[in-house]
Amino acid sequence: MGPLFSPHSSQTHSIAAAFSIVLAIAAFVFLVVAAGVFYSIVRYRARGDSASEPRQIFGSRNLEVLWTVVPVLIVTGLFIVTVRAMVFIDAPQDSGQAPDVTIVGHQWWWEARYPSGVIATYDIHIPTSRRLLARIESADVIHDFWAPELARKMDAVPGRASYIWLEADTPGAYDGACSEFCGAQHAWMRFRVVAEPEASFEVWLQRQAQSPSEPTGLAAEGARLFQTKKCSDCHAVKATAIESQKGPSLAHLASREFLGSGMSRNTPENRMLWLTNPQAAKPGNRMPDTPLSPEETRALQAYLEALR
Amino acid sequence: MSGFSAWLCAIDHKRIGILYMLSALLFMLAGGMEAMVLRAQLAAPNLKLIAPETYDQIFTMHGTTMIFLVAMPVLTGFGVYLTPLMIGANEMALPRLGALSFWLQFFGGVLLYISFATGAAPDAGWFSYAPLSEKAFSPGAGLDYWALALLMIAGSSIGSAINLIVTVATERAPGMTMRLVPLFAWMTLVASIMIVFALPALAASLVMLLSDRLLHARFFDPAQGGAPLLWQHYFWIFGHPEVYIVVLPAFGMISEIIPVFSRKPIFGYPFVATSTVAIAFLSYGVWVHHMFAVALGRNVLAVFAAASMLIAVPTGMKIFSWIATMWGGAIRFTTAMLFAIAFLLEFTVGGLSGVAFATVPVDWQLTDTYFVVAHIHYVLVGGTIFALLAGVHYWFPKISGRLLDEKLGRWSFWLIVLGFNAAFFVQHFLGLLGMRRRVYTYPDIPWFGALNLISTLGAGILVFGIVLFLANVAMSVYFGTVAGKDPWNAWTLEWAAASPPLLQNFAETPEVRSRRPLWDLKHPEAPDWGST
Chain U
1 MGPLFSPHSS QTHSIAAAFS IVLAIAAFVF LVVAAGVFYS IVRYRARGDS
51 ASEPRQIFGS RNLEVLWTVV PVLIVTGLFI VTVRAMVFID APQDSGQAPD
101 VTIVGHQWWW EARYPSGVIA TYDIHIPTSR RLLARIESAD VIHDFWAPEL
151 ARKMDAVPGR ASYIWLEADT PGAYDGACSE FCGAQHAWMR FRVVAEPEAS
201 FEVWLQRQAQ SPSEPTGLAA EGARLFQTKK CSDCHAVKAT AIESQKGPSL
251 AHLASREFLG SGMSRNTPEN RMLWLTNPQA AKPGNRMPDT PLSPEETRAL
301 QAYLEALR
Chain W
1 MSGFSAWLCA IDHKRIGILY MLSALLFMLA GGMEAMVLRA QLAAPNLKLI
51 APETYDQIFT MHGTTMIFLV AMPVLTGFGV YLTPLMIGAN EMALPRLGAL
101 SFWLQFFGGV LLYISFATGA APDAGWFSYA PLSEKAFSPG AGLDYWALAL
151 LMIAGSSIGS AINLIVTVAT ERAPGMTMRL VPLFAWMTLV ASIMIVFALP
201 ALAASLVMLL SDRLLHARFF DPAQGGAPLL WQHYFWIFGH PEVYIVVLPA
251 FGMISEIIPV FSRKPIFGYP FVATSTVAIA FLSYGVWVHH MFAVALGRNV
301 LAVFAAASML IAVPTGMKIF SWIATMWGGA IRFTTAMLFA IAFLLEFTVG
351 GLSGVAFATV PVDWQLTDTY FVVAHIHYVL VGGTIFALLA GVHYWFPKIS
401 GRLLDEKLGR WSFWLIVLGF NAAFFVQHFL GLLGMRRRVY TYPDIPWFGA
451 LNLISTLGAG ILVFGIVLFL ANVAMSVYFG TVAGKDPWNA WTLEWAAASP
501 PLLQNFAETP EVRSRRPLWD LKHPEAPDWG ST
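Protein chains in written order, with the working numbering: chain U, 1 to 308; chain W, 1 to 532.
Only chain W is shown next, with the shape it has when bound in the complex (with noise of 0.2 Å):
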């Protein structure tokens, strides 16, 4: 097999995991011209670029597309890439369920796409609050779309999962024990583990309100006994772990990048993998604070404020441990360091507005305005992205054989921080202003005009820093500097297979001693196992 029909068919976790990240840039590029949209619709107040039916329908598929269509699938990609070859692997565990996770995954995709060809795109948010999403209020098809595909989405999360489960549990080189496994891999694991109990709980709340819509069910129809709140408690019970599933693989890939640009071993590895299972336990105890203004009563969202409070410990001592690896190091300052270093200061942000949402009484003010939607993209794109952009950068070489460029990276970089901070860092201004979320239009209340204009002309940049960096990708598949086994002088198992990996990563299996196996090749006369 050849050419197309080699991609079609393939089951080597390579070629999957490739599959994965293509499918997420052309969801980006839809997910990113809808954020377009929205950014010119509110660049003014009392503009009418689009109606206000077509701006429901455009921030529902954006926050969808972005949420199960980019992040999710990109950070899968990466996962079913770098796992096997991380952990001296030449395959995935189950490799024909790698290939049916992908294809659900990329045709889940396509069918929440297809609602727009017929003219009813979903319309209730990402989130799709009953009993706004039941029938009566949004009668056309595009919420059964929105749940059909999630639904298949959800399944092909459950299924990448377990492959990744068991690919970690059973197919580590000798030698390879659990506190010796390299943190993305760790750290992807853990993400797993919480995907397969969290998606669940999304699935079942999309079987519900299939059942209302098409089967006059009335799980959440209030004046036949249904209750509206039981669709917030399962989306959040899924919603709030799926943000630790799209942020934990991301602080794996920092965790890969800073120690060896840092030319130093992570700082205390055994607290960075702990704190990331006290994350995974904690996520699920935090669902309540989406609905700190529901009237719950003040012990239950008492409860979940102190969760919700404790669980940046664990993710601060993440924080820490990056600064203190970089502390007393030699400090290479490559592309993909500069974005896993933006991303210490912009995810420290987003982390510490999020600790604003927990302190209820503040929740009860600025929860649903633009301050949320401040504090999601700095967790999100500050986070997530910036350390996905790190990560191509690093691993780009392994995957294509080439190099990207440095001197077109480092211009992507500035413009994408420039543009993402000036278009996200004025919106807690907005939301501490009073704009609220989800709204297709603003009176002209002072400053108002002025911050969305920032934004949207933030926005403006991040787009072209975004289109700089694919135009770099895309350059350097063919003209990059060929880059060899280990341009990085890095120390995990990837980095002796071939780049790009040949169809057996490793010719002879890899014996492993410690956290650094390249290391302990490079520097016989001090081996990490002699040391510690």
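Isolated chain U, as found in the complex (with noise of 0.2 Å):
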């Protein structure tokens, strides 16, 4: 995950600049204590062992009120710069407009579900030429999306659709994650926002569009185990399933970076752990132990190889 404070978008621009202004005011207020408490120990420690008190001051109307109206006058100015990043963040949608992405946080994955039907999973594709409309939902416990440079945070909450504006000012790839405790692997529910221009991301909705080409030799023998093992149960294989499953879409898993939300490279010995032990490969997670014969697992391998 980058730096909290590179924002990449005008509402992390507007996050970080109302951060600088309470950084500015606690250094400020810190200073002040400091100085009281340090000139007082200095300046007036008990000297020697005289039996003597010094003068006994019972307190100071002006100076008590002094230090109320000057908090109360900081925190209204704070108050004020508060509403307006607000306003701007959380700017209102156009009545009745609908989410130009959907995300949905499972335990432990995230997926993006596109107007055309495109589900992707981890790596989340936006335009970097506009706004998008990003509609947030659980589908089982709270969670939280969080892509540090880009947007504010925003709560999952199942049986509730919230909303935020997410957006990139330049193309890269955006380190994500959960931020709310969610179970066992809440520390790898990680994600990316990929930014690229306007003409790549339509070509890359339309690459994630295709269905997978039809599986040949052992690849085929892997796609039929796929069915019989009953690991279609659980896994899409086209990126255009119409509803969620239970377990992350594995469409054109071949040319992904990393498995298990960001926990492990894609590498063909990560991949043959998770067909033989999935709780080693990611331990807690959701998937059972199916029992493979090595021939097997071999076909199944060949077949996610071809999920390109």
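Hints may contain errors.
[Said to hold, decoys possible] Derived, one-sided and incomplete: chain W residues facing chain U with beta-carbon distance under 8 Å: (1) 53; (2) 306; (3) 309; (4) 319; (5) 323; (6) 365; (7) 442.
[Unchecked claim] Not close to chain U: a few residues of chain W, all C-beta gaps over 10 Å, as computed: (8) 159; (9) 162; (10) 204; (11) 418; (12) 426; (13) 453; (14) 470; (15) 478; (16) 496; (17) 513; (18) 518.
FYI, nobody ran anything at the bench for these hints, they're computed from the structure.
C-beta atoms are modelled at their ideal positions from N, C-alpha and C, and glycine is treated no differently.
Got two chains here, each in a separate frame; can you build the complex from them with the hints?
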């Protein structure tokens, strides 16, 4: 995940500006307090063992009013900054505006559903040229969608749709992760937002919509096993499956960089581990063990390899 | 009765107070060990010392233990021990309720820890958000133990709070009007009133959770018409006042200790007392700042942001009053005073990072990151625990009759300051760099490994300092210098009783004419009631 305050959208710029103001105020107040404390302990330390007591002062109405009123003025200013930034970041939608992408949190992966029917897992592509309305949902427990460089975080609450604006000012891959504790693999519920120019975004969308080519040879055997071993009960292999599945879509799996929501690189060894011992691949995940012979494993491996 | 059974059947407020403190100490050792396991697992990226599920159980137990089995009971212990002495009473108003409250608290803690023995510790965090805490997602018995244990503790806290309220209301020495009550007793009273209004919300949410889990109710299940956010509202209506419940009595301790070691009365007593009441009121109107990342609508968030910022004002007033108390004094740097001074600076850091979270857009980035972990530890350790350590050094001679060793005290002070700040200050940066809370590990991102290692080493130094402090306590109980009634030349009534106080605290009922009755006795030429 990139540094929090390397903002790459207008809304994260405005958050970074608000934070700078808070930081400046906090530094000022802390210096005032620290100066008062250190001056007192140096200047007013007890000297010798004189039995006489210092002058007894019980308070000062003026001072007390001063350190009530000044903080009230400071927080009033901060409140104005807060509301202005909130209005900018959560800018109103047009009435009846349809979301450009629907992002769904699952234990423990993210999927992005596009209006064309394409469903992407882990890598969420967006065009750089415009601001997208993203609808945030959860399929199970509460998650939180957080791409620190691009947008505010937003809780994904089951049974409740929430909306954010999602944009990036420059092309690039921006790390993100679930930011609400959601169970055993909260740590590895990461994702990426891949921002690219409109034209390449459209190309990507069309490529995603293509069905996997007909498998041949060992991969064809793997495709058969994918059905009979019930892999297909949970995993889709087409990116345009109509509804969410129990497990993440495996469409175009071989072209991905990571497995397990960022937990491991997409190497043949790591794919093999998911087939033979899913709990070792990602402890606590919801995938059951499926007994497979070495030949069956090889066939499934070949099939996954063919999902480009 | 003597020995063991005398403690078992104790109804004297001093014994019950000590029982609370010992119970809190026992659970603090457990909660501290849990913290060290967490810090070890996070010391470097991609470590596999413990399984993810185990990590979740341990951070759940750490948070629950430190809040419910350490912070609340130890402050209740001091409240029960000191309040009658400070207001010139010989007993709590309801001694048997006091005993019941303690044992409910203790066995609530035991029940929570039995969950470990069954192999099913709670694993949904100390906040246990639904629906993660529902049977469907957390099928073990851990959360049932958690909810039942907290129900007992909620009952206990309400009982002890009622007891403290009635005691301050009815047992004050003749002449001690509410304007003359010592600030520790004042703030304990306010915290107790807050408990009576906040803990029932927790109890209600626990009953709903148990109903869902055990009776197939559907309070929090959206598929059946329930509402997951209902849990969050109930929990934080309790949970935010809870922060002040464990901070206000600590403020009270600081308000007693700084004046005595600065040799001046508290600066602006009426402001300090009324700002406490302001905090209590406002604390019921800020709970949604724990939910700013939920889409609740801009206007709702703005109202809670305003309240959350406003609460900084009465808190800041106190900081300035304490500094003004030191200003112009003759400061004696006892270990108690050192902890109080460190409290002033560290709590200020925690308060200021709190203002960052009230600034909604900043919260939209930083909530649920290590910035929050740094913030709560600056408030609850840098604030509450440092004040408590000041309080232990200050009142230990009253409770035990002996002084703590000052040399060991200084060593433990510097180790604790160094360890605490090393462990938690770097966590601000981790949060700013994007490290999330409650993750059992993290990828090898630049700076993450180095900062986490510093944090873990700092935690080790902190533990070493705490062990030194405990060794000092254990040795001084037997070998410490005999303290006498009033080793600090202090001003409130507990220092007029014997050290340790006899079963009957005061042979004759003290008369009170000012906030510093012992000052009046020691300075008949310039009594407080003559000067104000």
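Exercise. Of the numbered hints stated previously, which ones are contradicted by the structure, given in increasing order?
Worked result: The structure conflicts with no hint, since it agrees with every one listed earlier.
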